[in-house]
Amino acid sequence: PISPSSLEIPPRFVKVVLPSTLRDQKMRIPNKIVRKIGNELSDVAHITIPNGYVWQVKLKKEGRKVRSDYGWQDFVEAYSISVGSLVLFEYESNSTFQAHIYDETACEINYPSSNEESHTSGEESHP
Numbered sequence: 001p002i003s004p005s006s007l008e009i010p011p012r013f014v015k016v017v018l019p020s021t022l023r024d025q026k027m028r029i030p031n032k033i034v035r036k037i038g039n040e041l042s043d044v045a046h047i048t049i050p051n052g053y054v055w056q057v058k059l060k061k062e063g064r065k066v067r068s069d070y071g072w073q074d075f076v077e078a079y080s081i082s083v084g085s086l087v088l089f090e091y092e093s094n095s096t097f098q099a100h101i102y103d104e105t106a107c108e109i110n111y112p113s114s115n116e117e118s119h120t121s122g123e124e125s126h127p
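Residues in the sequence shown are numbered consecutively from 1, following full-length UniProt numbering.
Worth flagging that the hints you see were computed from the coordinates, not collected in a lab.
We put the CB at the ideal spot given by N, CA and C, even for glycine.
Errors might be hidden in some of the hints.
[As the list claims (entries may be wrong)] Restricting the straight-line Cα-Cα distance to at most 27 Å, the calculated cross-link-like pairs of lysine-lysine (BS3-like) are:
| hint | residue 1 | residue 2 |
| --- | --- | --- |
| 1 | Lys60 | Lys36 |
| 2 | Lys58 | Lys32 |
| 3 | Lys36 | Lys61 |
| 4 | Lys36 | Lys65 |
| 5 | Lys65 | Lys15 |
| 6 | Lys15 | Lys32 |
| 7 | Lys60 | Lys32 |
| 8 | Lys15 | Lys61 |
| 9 | Lys36 | Lys58 |
| 10 | Lys26 | Lys61 |
[What the hints assert, rightly or not] Beta-carbon label-pair distances, calculated as ranges:
| hint | residue 1 | residue 2 | range |
| --- | --- | --- | --- |
| 11 | Thr105 | Lys61 | 28 to 36 Å |
| 12 | Asn110 | Arg35 | 30 to 38 Å |
| 13 | Thr105 | Glu62 | 28 to 36 Å |
| 14 | Gly52 | Cys107 | 15 to 23 Å |
| 15 | Gly38 | Cys107 | 28 to 36 Å |
| 16 | Thr105 | Ser42 | 33 to 41 Å |
| 17 | Pro19 | Ser93 | 30 to 38 Å |
| 18 | Ile9 | Ser113 | 28 to 36 Å |
| 19 | Gln25 | Glu90 | 17 to 25 Å |
| 20 | Ser113 | Lys61 | 30 to 38 Å |
Construct the complete structure from the given sequences, taking the supplied hints into account.
Right under this line is the structure:
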């Protein structure tokens with residue numbers, strides 16, 4: 001039989017990129033998600049995108065609020081995330097999120113091949 005826990009959907013959220021997201025160079029993780037996974041979050045989140053890249057983004061905890069910090073702007077710039085973009089985050093475990101990026105037409109972007117070189121400081125290649 002299938003147990004109820006095996007049917008549990010992983011915590012996920014969508015970030016609609018607003019002018020303030022770009023201006024402040026930070027992204028807030030929704031409180032509802034923080035309540036579910038807050039105890040598991042370390043000071044660094046790992047964001048994995050479909051091409052295999054893993055980005056390290058520092059997290060800043062302010063009371064019950066959690067925001068992205070160093071590394072977030074590098075991620076935004078590398079994928080040309082702009083006002084109106086959508087980013088779907090799905091939490092895996094151990095401060096690791098899968099991310100899918102959609103442009104302002106709500107279509108998923110083309111990710112660079114994991115074989116391509118990148119010169120972004122926040123990025124590391126994933127085997």
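(message) Within 15 to 23 Å: is that where the Cβ-Cβ distance between glycine 52 and cysteine 107 falls?
(response) holds (21 Å)
CB-CB spacing for glutamate 62 and threonine 105 relative to the 28 to 36 Å hint: holds (34 Å)
With a cut-off of 27 Å on the C-alpha distance, tell me whether lysine 26 and lysine 61 pass. Within the cut-off at roughly 12 Å; holds.
Tell me if the straight-line CA distance from lysine 58 to lysine 32 falls inside 27 Å. holds (20 Å)
Using the C-beta atoms of glutamine 25 and glutamate 90, is the stated range 17 to 25 Å upheld?
With a Cβ separation near 23 Å, glutamine 25 and glutamate 90 satisfy 17 to 25 Å, so the hint holds.
Practice task
Starting from the range 28 to 36 Å, see whether the pair isoleucine 9 and serine 113 falls in it by beta-carbon distance.
Solution key: Since isoleucine 9 and serine 113 have Cβ atoms about 30 Å apart, the given range 28 to 36 Å holds.
field: Holds or violated: lysine 36 to lysine 58, with C-alpha atoms at most 27 Å apart
entry: Distance of about 19 Å is within 27 Å: holds.
_Given the hinted pair lysine 60 and lysine 36, is their Cα-Cα distance within 27 Å?_
holds (17 Å)
Quiz item: Lying within 28 to 36 Å: is that true of the beta-carbon distance threonine 105 to lysine 61?
Solution: 34 Å Cβ-Cβ, so the 28 to 36 Å window holds.
Problem set entry | Agreement of lysine 15 and lysine 61 with the hint, judged by alpha carbon distance not exceeding 27 Å | holds (18 Å)
For lysine 36 and lysine 65, compute the direct alpha-carbon distance and say whether it is at most 27 Å. holds (13 Å)
| message | For a C-alpha distance cap of 27 Å, please report whether lysine 36 and lysine 61 respect it. | response | holds (15 Å)
Consistency with the previously given hints is maintained throughout, with no hint failing.
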